[in-house]
Amino acid sequence: MSDNTPVIELRNVDKSFGPIDVLHEISLKVGAGEVLCLLGDNGAGKSTLIKTLAGVHAPTRGEILVDGEPVSFSGPRDAQERGIATVHQFGGTYPLMSIGRNFFMGVEPTKGFGPFKIFDRAKANKIAVEEVQKMGITRITDGDRLVGGLSGGERQSLAIARAVYFGARVLILDEPTAALGVKQAAHVLRIVNEAKKRGLAVIFITHQVMHAMAVGDHFAVLIRGAIAADFRKGEKSREEIADLMAGGESMADLEASIEGYMETHDGHPPKVGQEASA
Amino acid sequence: MDLFANLLRRPAAASILSLLGVIVFYVVIGGVDLGKLLPAASWVNYAARIGIVAAAVALLMISGEIDISIGAMIPAGAMTTAIISGYYELPMIFGILGALGIGVLVGLVNGILAVRTAVPTLIITLGTLVAMQGVVLAGSKLLTGAASVPLTAAPWAKTVFGDFIFGGSHQVVILWWVLITVIFWFIVHQTKYGSWIFAIGGDKDSARNAGIPVDRITVLLFIGTATAASFVGMCHAILFNSAQVSGGMNDIFNIIVSVVVGGVLLTGGYGSIAGVFVGTITFAIVIKGIDFTSIDRNWANLIIGIMLLAAVGMNESFRKLAMRAATKK
Chain A
1 MSDNTPVIEL
11 RNVDKSFGPI
21 DVLHEISLKV
31 GAGEVLCLLG
41 DNGAGKSTLI
51 KTLAGVHAPT
61 RGEILVDGEP
71 VSFSGPRDAQ
81 ERGIATVHQF
91 GGTYPLMSIG
101 RNFFMGVEPT
111 KGFGPFKIFD
121 RAKANKIAVE
131 EVQKMGITRI
141 TDGDRLVGGL
151 SGGERQSLAI
161 ARAVYFGARV
171 LILDEPTAAL
181 GVKQAAHVLR
191 IVNEAKKRGL
201 AVIFITHQVM
211 HAMAVGDHFA
221 VLIRGAIAAD
231 FRKGEKSREE
241 IADLMAGGES
251 MADLEASIEG
261 YMETHDGHPP
271 KVGQEASA
Chain B
1 MDLFANLLRR
11 PAAASILSLL
21 GVIVFYVVIG
31 GVDLGKLLPA
41 ASWVNYAARI
51 GIVAAAVALL
61 MISGEIDISI
71 GAMIPAGAMT
81 TAIISGYYEL
91 PMIFGILGAL
101 GIGVLVGLVN
111 GILAVRTAVP
121 TLIITLGTLV
131 AMQGVVLAGS
141 KLLTGAASVP
151 LTAAPWAKTV
161 FGDFIFGGSH
171 QVVILWWVLI
181 TVIFWFIVHQ
191 TKYGSWIFAI
201 GGDKDSARNA
211 GIPVDRITVL
221 LFIGTATAAS
231 FVGMCHAILF
241 NSAQVSGGMN
251 DIFNIIVSVV
261 VGGVLLTGGY
271 GSIAGVFVGT
281 ITFAIVIKGI
291 DFTSIDRNWA
301 NLIIGIMLLA
311 AVGMNESFRK
321 LAMRAATKK
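Chains as they are written, first to last, in my numbering: chain A, 1 to 278; chain B, 1 to 329.
Misleading hints may appear alongside valid ones.
No farther apart than 25 Å at their CA atoms in a straight line, the calculated lysine to aspartate or glutamate pairs in the DMTMM-like style are these [claimed, not checked]:
#1 K51/A / E34/A
#2 K204/B / D243/A
#3 K204/B / E34/A
#4 K233/A / D243/A
#5 K126/A / D144/A
#6 K51/A / D21/A
#7 K236/A / D78/A
#8 K29/A / E240/A
#9 K29/A / D230/A
#10 K320/B / D144/A
#11 K51/A / D215/B
#12 K196/A / E34/A
#13 K183/A / E131/A
#14 K29/A / D243/A
#15 K204/B / E194/A
#16 K134/A / E69/A
#17 K204/B / D78/A
#18 K233/A / D266/A
#19 K51/A / E175/A
#20 K197/A / D21/A
#21 K134/A / E34/A
#22 K320/B / D163/B
#23 K288/B / D163/B
#24 K51/A / D205/B
#25 K29/A / E235/A
#26 K204/B / E81/A
#27 K117/A / D163/B
#28 K126/A / E194/A
#29 K320/B / D142/A
#30 K36/B / D205/B
Chain B regions said to be covered by chain A (calculated; three or more residues, Cβ under 8 Å) [as the list claims (entries may be wrong)]:
#31 114 to 125
#32 317 to 323
Since the hints were derived computationally from the structure, they do not count as laboratory data. For glycine and all other residues, C-beta sits at the position ideal for the given N, C-alpha and C.
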């Protein structure tokens with residue numbers, strides 16, 4: 001990239017809710033056309049980090065920089081206006097509404113004037129279908145179709161296409177592949193690559209190492225609210241990353257201990273106690 | 001065939017089929033004379049009475065909320081008009097503004113409680129329903145010493161709100177019903193505000209993230225239902241020259257049944273104004289049309305119950321059909 005200033009950067013960001021520290025000294029940067037994969041187990045602070053990036057929470061300490069300028073978001077709307085778009089697991093789509101209406105939710109094109117301004121359905125449908133097709137979803141041809149009839153991957157793609165169309169520069173994807181099958185996930189990963197090619201800075205949150213490795217340029221592992229590891233593509237193997245996510249405890253050790261238990265307990269796996277579910 | 005499949009995918013499909021089903025049943029089993037039933041005023045008047053409120057409740061239910069305080073607001077609107085312009089003999093306009101004002105006020109209370117607390121709106125409006133029943137009864141006893149208040153409406157008010165049209169026994173409130181339905185249809189299906197209401201019912205958090213003023217719209221929709229109910233009460237007081245305190249419990253269920261038969265999803269996010277219009281007609285024909293049949297009118301509720309279940313079942317399957325639509329290729 002010719003421009004070296006990261007599109008978005010976090011410097012020593014802390015976030016606490018009352019006495020509870022959720023995020024600790026988080027520093028991250030993502031440049032244009034780059035995918036940062038944020039890995040972490042459940043409860044590692046991923047959602048708090050997303051909400052801080054998306055303007056839902058203000059950081060307790062530290063700063064957020066957009067294009068090198070320190071910013072403080074007054075709310076999610078403010079963050080959106082600065083080009084930070086968040087796509088959640090189900091993409092913020094409305095299953096019982098049409099593709100065209102979903103695509104333009106909150107920013108509807110209208111025609112007519114005065115009290116008779118009506119929703120321009122034809123225009124909305126046309127643009128929505130075009131944009132989704134550009135992202136490689138050629139199966140969508142009718143903007144009047146209800147979103148509920150689309151697959152999970154297509155719904156994600158619609159939400160990403162929407163963010164791209166409305167000028168997002170930073171795309172935060174919150175577990176976009178978590179609920180999807182293999183084929184659908186591959187679909188979403190292709191779209192992530194497409195967004196990257198268009199020069200967006202992508203923050204891809206996941207706990208699926210395979211998916212992260214397929215698209216990531218840069219990886220950060222979050223454990224108990226702090227960045228436990230920060231490395232670039234090719235620097236670590238899949239096993240190493242999985243071990244890091246599990247909190248340093250080696251997966252191989254874990255497997256060995258389960259097998260050992262099963263041998264001495266008639267082949268039954270160990271009971272899941274409070275420790276494991278915490 | 002394609003046209004028929006397209007019709008089935010519309011939210012109004014079940015209500016149209018219910019209407020046809022009821023008419024066929026009345027003709028075949030009840031031996032009804034359609035030439036007498038269709039032009040009859042009784043069911044149209046009744047449809048208008050519940051239809052005005054049903055249209056407003058439909059909007060609210062599409063947004064995922066419910067308002068049962070409407071049951072108390074119909075008598076509240078009637079009593080307010082009669083007490084102000086009948087008992088105190090103030091000019092008619094004060095009675096009308098008073099009735100609408102009490103609707104706005106109760107709607108505002110419901111709406112603010114709904115957006116400020118996490119209490120389900122069924123419970124909130126159950127509270128305001130019972131509270132308003134108390135206010136209406138105790139208030140009218142306190143002010144007038146009676147539970148029934150006569151009213152002599154000004155001629156202009158009579159013409160606008162409480163007269164008969166077409167030289168027969170059709171009430172002018174029918175025109176209000178049609179007008180309100182057309183306005184609501186325009187808002188819901190043609191403007192962006194309609195999209196927003198559907199979005200709120202579909203996924204409130206996403207709607208908020210998309211920058212939709214969720215709280216303001218929710219409050220406005222609650223004002224809409226309570227005011228529609230007090231408006232209907234006001235029209236009736238003007239028409240019948242008097243108002244009585246009544247519970248209005250039947251109205252609540254009749255209105256909600258009409259909306260649900262009309263294809264609105266109870267959990268929000270789906271429905272249509274045209275469907276609710278047809279649903280209201282269907283309901284009114286079952287209740288009032290039974291007098292034109294040879295069937296004992298006490299069976300009407302059984303028919304309503306069966307129709308409700310059938311319509312909900314149809315809605316369920318048609319909605320699935322709509323979601324699957326266009327996956328032909």
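Hint check results:
1. Restraint check for K51/A and E34/A: the C-alpha separation of about 20 Å stays at or below 25 Å, so the hint holds.
2. With a C-alpha separation of about 38 Å, the suggested pairing of K204/B with D243/A is violated against the 25 Å cut-off.
3. Of the pairs offered as hints, the one joining K204/B and E34/A is violated, with about 32 Å between alpha carbons and a cut-off of 25 Å exceeded.
4. Among the hinted pairs, K233/A with D243/A is consistent with the structure: their alpha-carbon atoms are about 17 Å apart, no more than 25 Å.
5. A threshold of 25 Å between alpha carbons decides the hint, and for K126/A with D144/A the separation of about 10 Å falls inside it, so the pair holds.
6. Of the pairs offered as hints, the one joining K51/A and D21/A holds, with about 15 Å between alpha carbons and a cut-off of 25 Å not exceeded.
7. Between the alpha carbons of K236/A and D78/A the distance comes to roughly 37 Å, so the proposed pair goes past 25 Å and is violated.
8. Distance hint between K29/A and E240/A is fulfilled; the C-alpha atoms sit about 22 Å from each other, no more than 25 Å.
9. The straight-line distance between the Cα atoms of K29/A and D230/A is roughly 11 Å, inside the 25 Å bound, and the hint therefore holds.
10. A C-alpha spacing of about 15 Å is found between K320/B and D144/A, which places the hinted pair at or below 25 Å, so the restraint holds.
11. Annotation: proposed proximity of K51/A to D215/B holds, straight-line Cα distance about 21 Å (limit 25 Å).
12. Simply put, K196/A and E34/A have alpha-carbon atoms about 6 Å apart, close enough for the 25 Å limit, and the pair holds.
13. Distance restraint check for K183/A and E131/A: the Cα-Cα separation of roughly 21 Å lies within the 25 Å cut-off, and the hinted pair is therefore satisfied.
14. The hinted pair formed by K29/A and D243/A meets the criterion: a straight-line CA distance of about 24 Å does not exceed 25 Å.
15. Proximity of K204/B to E194/A is assessed by CA-CA distance (about 30 Å); at most 25 Å being required, the pair is judged violated.
16. Between the alpha carbons of K134/A and E69/A the distance comes to roughly 32 Å, so the proposed pair goes past 25 Å and is violated.
17. The suggested pairing of K204/B with D78/A holds, with an alpha-carbon distance near 19 Å, which does not exceed 25 Å.
18. Straight-line distance between C-alpha atoms of K233/A and D266/A comes to about 43 Å, which puts the hinted pair past the 25 Å bound.
19. Of the pairs offered as hints, the one joining K51/A and E175/A holds, with about 13 Å between alpha carbons and a cut-off of 25 Å not exceeded.
20. A threshold of 25 Å between alpha carbons decides the hint, and for K197/A with D21/A the separation of about 36 Å lies outside it, so the pair is violated.
21. For the suggested pair K134/A and E34/A, the alpha carbons sit about 20 Å apart, so the restraint of at most 25 Å is met.
22. For the suggested pair K320/B and D163/B, the alpha carbons sit about 45 Å apart, so the restraint of at most 25 Å is broken.
23. Simply put, K288/B and D163/B have alpha-carbon atoms about 20 Å apart, close enough for the 25 Å limit, and the pair holds.
24. For a cut-off of 25 Å, the pair hint linking K51/A to D205/B stands: about 13 Å separates their Cα positions.
25. For the hint pairing K29/A with E235/A, the CA-to-CA distance comes to about 18 Å; that is within 25 Å, so the pair holds.
26. Distance check on the hinted pair: K204/B and E81/A sit about 20 Å apart at the alpha-carbon level, within 25 Å; holds.
27. As the CA atoms of K117/A and D163/B are separated by approximately 34 Å, the hinted pair breaks the 25 Å bound.
28. Distance check on the hinted pair: K126/A and E194/A sit about 21 Å apart at the alpha-carbon level, within 25 Å; holds.
29. Taking the CA atoms of K320/B and D142/A, the gap is about 17 Å. The hint holds against a cut of 25 Å.
30. Taking the CA atoms of K36/B and D205/B, the gap is near 51 Å; set against the 25 Å cutoff, the hint is violated.
31. Chain A is given as covering the stretch 114 to 125 of chain B, and this is violated because 0 residues of the stretch bring a CB closer than 8 Å to a CB of that chain, at least three being needed.
32. With 3 residues carrying a beta carbon less than 8 Å from a beta carbon of chain A, the stretch 317 to 323 of chain B meets the three-residue requirement, and the given coverage holds.
This entry does not satisfy hints 2, 3, 7, 15, 16, 18, 20, 22, 27, 30, 31, going by the numbered hints stated previously.
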